[in-house]
Amino acid sequence: MKSCLVVDDSRVIRKVARRILEDMSFDIEEAADGLEALQACRRSMPDAILLDWQMPVMSGIDFLKTLRKESGGDRPVVVFCTTENDVARISEAIKAGADEYIMKPFDGDILHSKFSEAGLV
Amino acid sequence: MLTEAQFAIVAQEAKQRIGLALTHERLAFVDARLTPLARRENCACAGELISMIQRQGDDMLWHGVVDALVMSDTHFFRDRAQFRALSETIIPDLLRGRPAHARLRVWSAGCAAGQEPYSLAILLEEMREEGRGGLVDILATDISSRLLDKAASGLFSQFEVQRGLSIRRLIAHFERVGEMWRIADRLRAAVRFETHNLLVDAAQLGPFDLVLCRNVLSSFGEADRRETLERIAAAMSEDGVLVLGAEEDYASLTGAFEPAHGACVMRRNAYWRRAA
Chain A
0 MKSCLVVDDS
10 RVIRKVARRI
20 LEDMSFDIEE
30 AADGLEALQA
40 CRRSMPDAIL
50 LDWQMPVMSG
60 IDFLKTLRKE
70 SGGDRPVVVF
80 CTTENDVARI
90 SEAIKAGADE
100 YIMKPFDGDI
110 LHSKFSEAGL
120 V
Chain B
0 MLTEAQFAIV
10 AQEAKQRIGL
20 ALTHERLAFV
30 DARLTPLARR
40 ENCACAGELI
50 SMIQRQGDDM
60 LWHGVVDALV
70 MSDTHFFRDR
80 AQFRALSETI
90 IPDLLRGRPA
100 HARLRVWSAG
110 CAAGQEPYSL
120 AILLEEMREE
130 GRGGLVDILA
140 TDISSRLLDK
150 AASGLFSQFE
160 VQRGLSIRRL
170 IAHFERVGEM
180 WRIADRLRAA
190 VRFETHNLLV
200 DAAQLGPFDL
210 VLCRNVLSSF
220 GEADRRETLE
230 RIAAAMSEDG
240 VLVLGAEEDY
250 ASLTGAFEPA
260 HGACVMRRNA
270 YWRRAA
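Protein chains in written order, with numbering that gives the first Met the number 0: chain A, 0 to 120; chain B, 0 to 275.
Please keep in mind that the hints were generated in silico from the structure rather than gathered at the bench. No incorrect hints appear here.
Pulled a few chain A residues facing chain B out of the computed Cβ check, cut under 7 Å:
1. V86
2. I89
3. E99
4. Y100
5. M102
6. I109
7. S112
8. E116
Every residue gets a Cβ at the ideal spot worked out from N, C-alpha and C, and that includes glycine.
Model the full assembly from the supplied sequences, consistent with the hints where possible.
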């Protein structure tokens with residue numbers, strides 16, 4: 000079973016994402032901000048990370064830049080999932096090492112499509 | 000709600016006009032699809048709309064009714080394996096069999112809101128960038144003028160562009176326009192859109208080297224399905240390839256095709272001749 004870390008400061012979004020991803024046979028861990036996510040990755044590197052952008056303490060983009068420099072941090076497939084839908088923001092995310100990008104709002108169909116694009120399904 | 004008798008009349012019109020086979024369990028679907036049209040025509044419900052059309056014998060309104068029933072749920076690069084096969088074998092094989100200056104003629108039959116022909120245009124552009132493309136013409140047709148207008152606009156919602164498009168393809172081939180995304184002009188220009196009813200002879204549209212008619216014939220009855228396959232064959236070059244939906248297998252219906260890459264991809268039978 001593949002593991003996915005769901006990083007979002009909204010408990011509701013985490014819950015929705017968890018339900019969809021569990022149906023897709025992912026083992027889910029949650030984090031409420033970038034720093035919690037980094038700590039989770041240092042304990043155990045997940046196969047996939049679903050990542051919000053705007054979060055307190057540490058943002059998604061700062062987390063991603065730090066993660067990619069960590070040992071083994073190049074391994075997780077990172078899918079941004081954010082309300083940011085500017086082309087400049089999307090390009091910034093890809094440059095920082097994101098593999099895929101979801102613009103909120105999303106549904107199960109989009110999550111499935113994007114995880115397929117990223118080679119996770 | 001539509002009565003049984005009204006549903007039967009709508010089903011008969013849909014079959015006769017566009018080959019759409021509506022079975023009884025589709026009553027609620029038909030009712031839901033016709034309700035917005037009923038409101039626009041100042042009718043309280045779909046049932047009242049049908050009564051009115053029957054009373055007036057209004058052909059334009061029947062056209063609107065049938066148009067509203069055309070399916071439009073689709074993804075970019077729907078059935079990824081098929082697009083992989085198109086890129087890796089089907090299109091290269093077709094190009095190899097032709098002179099370098101010849102244009103490959105492609106028909107997206109039943110293109111709905113345009114996701115299929117635009118996916119093809121993107122794929123062909125990527126193939127050209129890899130130095131393995133050729134000259135290609137894409138004709139995309141649908142029975143629904145409502146869907147063709149949308150397709151030709153090249154505008155898709157944020158939801159639509161996230162179904163089947165990778166983020167790299169999105170930012171390489173689309174630009175954001177307000178809350179919508181528009182496909183690049185060069186790709187929009189690569190596809191010609193035309194209204195066409197698959198129940199009508201298609202020979203004058205062709206000949207095509209490659210036809211995609213995916214998840215269209217599954218909504219037809221068997222006789223319309225066979226006759227449409229033969230009309231498509233008559234509009235194809237002798238070595239042309241037809242791609243059906245990934246779950247469609249109609250090889251046994253007609254001698255016009257033979258299975259090529261699995262059941263859903265068929266090659267035109269070069270010896271087949273259409274019955275006069």
